[in-house]
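Could you put together the complete structure from these sequences and hints?
Which chain is which? The protein sequence lines are A and B, in order. For what it's worth, my numbering labels the leading residue of the first sequence as 1, then goes sequentially. For what it's worth, my numbering labels the leading residue of the second sequence as 1, then goes sequentially.
Warning: the hint list may mix true and false statements.
[Stated by the list, open to error] Taking lysine-lysine and the DSSO-like style, the derived pairs with C-alpha atoms no more than 27 Å apart in a straight line are:
#1 86(A) <-> 267(B)
#2 219(B) <-> 172(B)
#3 267(B) <-> 284(B)
#4 136(B) <-> 172(B)
#5 284(B) <-> 86(A)
#6 258(B) <-> 284(B)
#7 67(B) <-> 219(B)
#8 284(B) <-> 62(A)
Since the hints were made in silico from the structure, they are not lab data.
The chain contents come next:
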Amino acid sequence: MPRNEYQSQLTELRADVVEMSETVAERLEMGLEALETADEALAEAVIEGDAEINQQYLDLEKQCTDLIALQQPVAGDLRFIAASFKIITDLERIADLATNLGEYAKAGETSLFPEIDIQELGEVTLEMLDEAMAAYVEEDREQCYVVDERDDDLDYLCEVASDTVVRELIEHDQLDGDAEIEAYMEDVSQFLLTIRDIERIGDHSVNIAARALYMIDNNDELIY
Amino acid sequence: MSEPDTDPEAPDEAVSSPTPGSELAATGSTSASGPLIDTPIIESKDIDVFYGDEQALQEITMAIPEKQVTALIGPSGCGKSTFLRCVNRMNDLISSARVDGELLFGGKDVYDDDVDPVALRRKIGMVFQQPNPFPKSIYDNVAYGLRVQDEEVTDEIIEEALRGAALWDEVKDQLDESGLELSGGQQQRLCIARAIAPDPEVVLMDEPASALDPVATSKVEDLISDLAEQYTVVIVTHNMQQAARISDKTGVFLTGGKLVEFDDTQKIFENPEHQRVEDYITGKFG
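Printed below as a string of structure tokens:
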């Protein structure tokens, strides 16, 4: 096949994006585990590890711009590079949100609402990320739609969880004094932010699936 | 490849009339796998070209839109230059060449017996790969096509042609100097001025920038875009990025003398229909 160097650079880009996604998924798992176990060391590891993800992002961004500038890709190759360029942004944002989970694990009470299973929500986002990346790697258009549909389920679960928090907040009447109320409100606020961040991780996974679909079929149906 | 819609209302005037393009039907036409062309100035219908026993083009069907840039790309030997030469009957100069099918210019088949090739080439000018100014003054180079056809030459026409070729400001004070004294890029723009001086309707360009450096290439590319405001431009190029930059429509010829795909340039370079086209433009085969 002509342009061997170019072809190998495309293969390398795909492999490096996958590697970044695996690192991000690992950090997300660690963030969720830190939330569950209130493990400060684990939380700190997620936070400190964000710099590594940022560097991976910058390296991949350069790989994409170099390919565009030096190889003038067109058609399917161009869509692959354009999709990869967008996907790494979503991966980097997921890593930032995993970092947030680490911050929440360090900062406050994480078992205020035992009836809400944060780990279950987190597991859904991990699966969505895995499915979105599989769609990208295997060029599986059906899988792109599956991720989009699963996001509706995640949104619903997050909405129910948020409603539960708000309802309990309204019904809560056992606090004594301003300091106790303030501490409780901080914990509640953080819990709501946790739910919001998990919901956003799902959105970023949908973005990845949407870009994969564009890459596969020049179809922008799932983008926004 | 799908057949083009033929227009039953198309006029049948002699192409050697002064303004054949003005007789064009305005109804749409499709070509190859390509787009709807509202105002085709050139329509190729099942064109086959043979050089002796060897077939160089097979069933080329496409409609070239008026006042746009149409690029023809493909590997060496695929027939794109052969097709270009069909349009203004340059293939007539090759004794073994035979053309079958219809090639309509303004609705009139240019291969009809009553078509005068010289008059046809006045309406369909051509620019070649190597700048080929004559060993004459800049002025006489531009005037050449007009004088050959005994047409009036005025300073105004020469200036207009040189301005149209974006060369006037660079040569206005040296019109009596030899065209061969100019740089390669200027010589090619002089050839473009010579081509447009008779006020053609179509300008055919066969690799017009391949012998030029990047700066001269940029000037010629800018010029091609400007020319399309007044003329129909059909350009053969090996440079796919050049085709992507400057053309509105792109036809992809592949081996065997076949037009595999013809569509909006954006479509060809972002999402071509045919895998062979995708493989060619992404460099997966040459």
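Where does the structure disagree with the numbered hints, that is, which hint numbers, in rising order? none
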